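Residues per chain are reported as follows:
Protein chains: 2
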Amino acid sequence: MSALKNDRLLRALLCEPVDITPVWMMRQAGRYLPEYRATRQKAGSFMDLCQNPELACEVTLQPLDRFPLDAAILFSDILTIPDAMGLGLYFSEGEGPRFERPVQDVAAVRALGVPDPEQELKYVMDAVRTIRRELDGRVPLIGFSGSPWTLATYMVEGGSTKNFAKSKGMMFDDPALMHDLLGILAESVTRYLNAQVAAGAQALMIFDTWGGVLSPRDYAAFSLAYMERIIEGLVRESEGRRVPVILFTKNGGQWLGRMAESGCDALGVDWTTDLADARVQVRDKVALQGNLDPCILYASPERIREEVASVLDSYGHGPGHVFNLGHGIHPEVDPEHAAVLIEAVHELSRPYHS
Amino acid sequence: MSALKNDRLLRALLCEPVDITPVWMMRQAGRYLPEYRATRQKAGSFMDLCQNPELACEVTLQPLDRFPLDAAILFSDILTIPDAMGLGLYFSEGEGPRFERPVQDVAAVRALGVPDPEQELKYVMDAVRTIRRELDGRVPLIGFSGSPWTLATYMVEGGSTKNFAKSKGMMFDDPALMHDLLGILAESVTRYLNAQVAAGAQALMIFDTWGGVLSPRDYAAFSLAYMERIIEGLVRESEGRRVPVILFTKNGGQWLGRMAESGCDALGVDWTTDLADARVQVRDKVALQGNLDPCILYASPERIREEVASVLDSYGHGPGHVFNLGHGIHPEVDPEHAAVLIEAVHELSRPYHS
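Residue numbers (this note's numbering), protein chains in the order written: chain A, 60 to 413; chain B, 60 to 413.
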């Protein structure tokens, strides 16, 4: 594979010195880009797009052709694993992802197998290989997965939920069954992420979108414990470099100290936590990724620059910061505003690395 | 008015000794009760129910007739103030509350008046008076309002939102306009709550449902500052007793220390924060109300009792704890499970007060 021309992201994730703060955006390949919408239309459904390696590669690279981003992230969905388990993923307008066959009892949990990433999820690995080839060493490629707890909520609920009635219902009423489900998912995620690394992913991120709806005790037992198990099982070196792992629990600001002990290299942080406080919490043990509120991209370029400056200042001097939004970029955002953000990060971050 | 027969709630909110931990449940008058559903059907729409003092009183008292709760809470909606401002509140199936005339520019903010609680919101004050009469001193009555920031999000968005695109857009792009709007709302909420006290409310709660979607800096400036302004303007004594004020920011666990400085008497805490940690954060300056995950009510009676014991234990010994859920009770919950919760709190809390 081509030598990496821009390794700022990998260096920052390992708290190594960089010239300027690297930046990428969650959902940077997405609906706010007209070229994404065009490819999406060409592909058919959202899952058709995910399952077509050439088109998944095309949308992965689109934001990199527009902006001087420091990373690419695999275009895929967090629900590929449950889909590969045979749950029948589909997307219904206005309702988000749904499963034809939710997992709500012992029999359904027992029937679950661990998918072979190079079989049932080969389309993801093919996308990783295609993207790496097309990236040609411009920037590193981030692979990812949903966390076991996050995947379990969708699988038990049969889709998105506001109350987590069924998934928390299972957790509280039959914790052993929920642990069985989470164990199968942890094993599946481990294999899935290791296969992504084998296919060419150079960093990994675990999205724990729904860990933040748990109590501290339940977060530790039902979400963090399984992410730790995954991290233990991950291949941490590839192509002669360490493969950094980023853990991101949305609304996990109260637990950053514990998360930093998980064995990961970096933590994603949303905007409800100040990066200065987060840095104290993790005692510079891990790098931090974040944390601009994506709604700031609705404001004027001047305000966006001010807020970028404020986030850079809250992290302060020294290595270990990857600039990102605290959540995915919204579909209504003007791409020119994303350009302002990225330029501002590169321009304004230099003094923090001297 | 009748002498108060059970003042545990008022005493606990002021950190005074009690025999057992008082308990009430957010949305205790609600859809999980068949008798509520019957009254709701009789009333017509949800707002018809809120605007009918006799029926609002009827549903307020329903849970008290079933369970030995230690407080009643006024049955009403958090959006009565914007409705009284002329925004045209309505409820659409599946979408939640909507406003016919959202507030999205300078002209719309300038056109807003501060409602006179005994005129435009007289139906609320009539409900308070009716409930007090019918309560006959059984337990204290809690009055409430939404926080200015929470009301502003609905008013600017025109209803519920996931992204807060318009409300945060205004906050980031035209902060002066958002401050104008919040100033009018703070004045309106102050008058509204003082009128509830004059009509008979014996404790007050401010629901800051959406303060937790802000950054720490923006929470302080756009939500907490206006709640502090309200608290400064509240009448704090009535019928010869202090009227305690409870502040509840959902997902505000990271800011409890700051909230405790607001002049309030108690903080609502959701289940993402351990009460022992919360108590350290607020240094016993204020009482704490919470914090059982309402999803625990889907579990078996045995599990509910275990979890009640765990919450009581996390708060520990001494006064200043009001038991509650960390969020409203869900509509699908079996009322018998609520009974188990309430009985368990009373039974298991005695040793913590000896």
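Keep in mind the hints are simulated off the structure, nothing from the lab.
Values in this document were obtained by computation on a predicted structure and should not be read as measured data.
Just so you know, not all the hints are guaranteed correct.
Note that the list lumps identical chains together, so a pair holds whenever it fits in one copy or between two copies.
[As the list claims (entries may be wrong)] Straight-line alpha carbon distances no greater than 27 angstroms define the calculated DSS-like cross-link-like pairs of lysine-lysine that follow:
(1) K221 to K309
(2) K344 to K309
(3) K344 to K225
(4) K225 to K64
(5) K181 to K221
(6) K64 to K309
(7) K225 to K309
(8) K221 to K64
Hint check results:
For a Cα distance limit of 27 angstroms, the shortest separation of K221 from K309 qualifies both inside one copy, at 15 angstroms, and across copies, at 14 angstroms. In this assembly of identical chains, the alpha carbons of K344 and K309 lie at most 27 angstroms apart only when taken from the same copy (20 angstroms versus 30 angstroms across copies). Proximity of K344 to K225 under the C-alpha cut-off of 27 angstroms is found in neither arrangement, the shortest distances being 36 angstroms within a copy and 37 angstroms between copies. Taking the shortest Cα distances, K225 and K64 never come within 27 angstroms of each other, neither inside one copy (47 angstroms) nor across copies (40 angstroms).
In this assembly of identical chains, K181 and K221 lie within 27 angstroms of each other by CA distance neither inside one copy nor across copies; the values are 32 angstroms within and 34 angstroms between. Taking CA atoms no more than 27 angstroms apart as the test, K64 paired with K309 passes in neither setting, with 31 angstroms inside one copy and 45 angstroms between copies. In the homo-oligomer, the alpha carbons of K225 and K309 lie at most 27 angstroms apart both inside one protomer (20 angstroms) and across protomers (22 angstroms), since each shortest distance falls under that limit. For a Cα distance limit of 27 angstroms, the shortest separation of K221 from K64 qualifies neither inside one copy, at 43 angstroms, nor across copies, at 39 angstroms.
Hint compliance for this structure: hints 3, 4, 5, 6, 8 are not met, and every other hint is.
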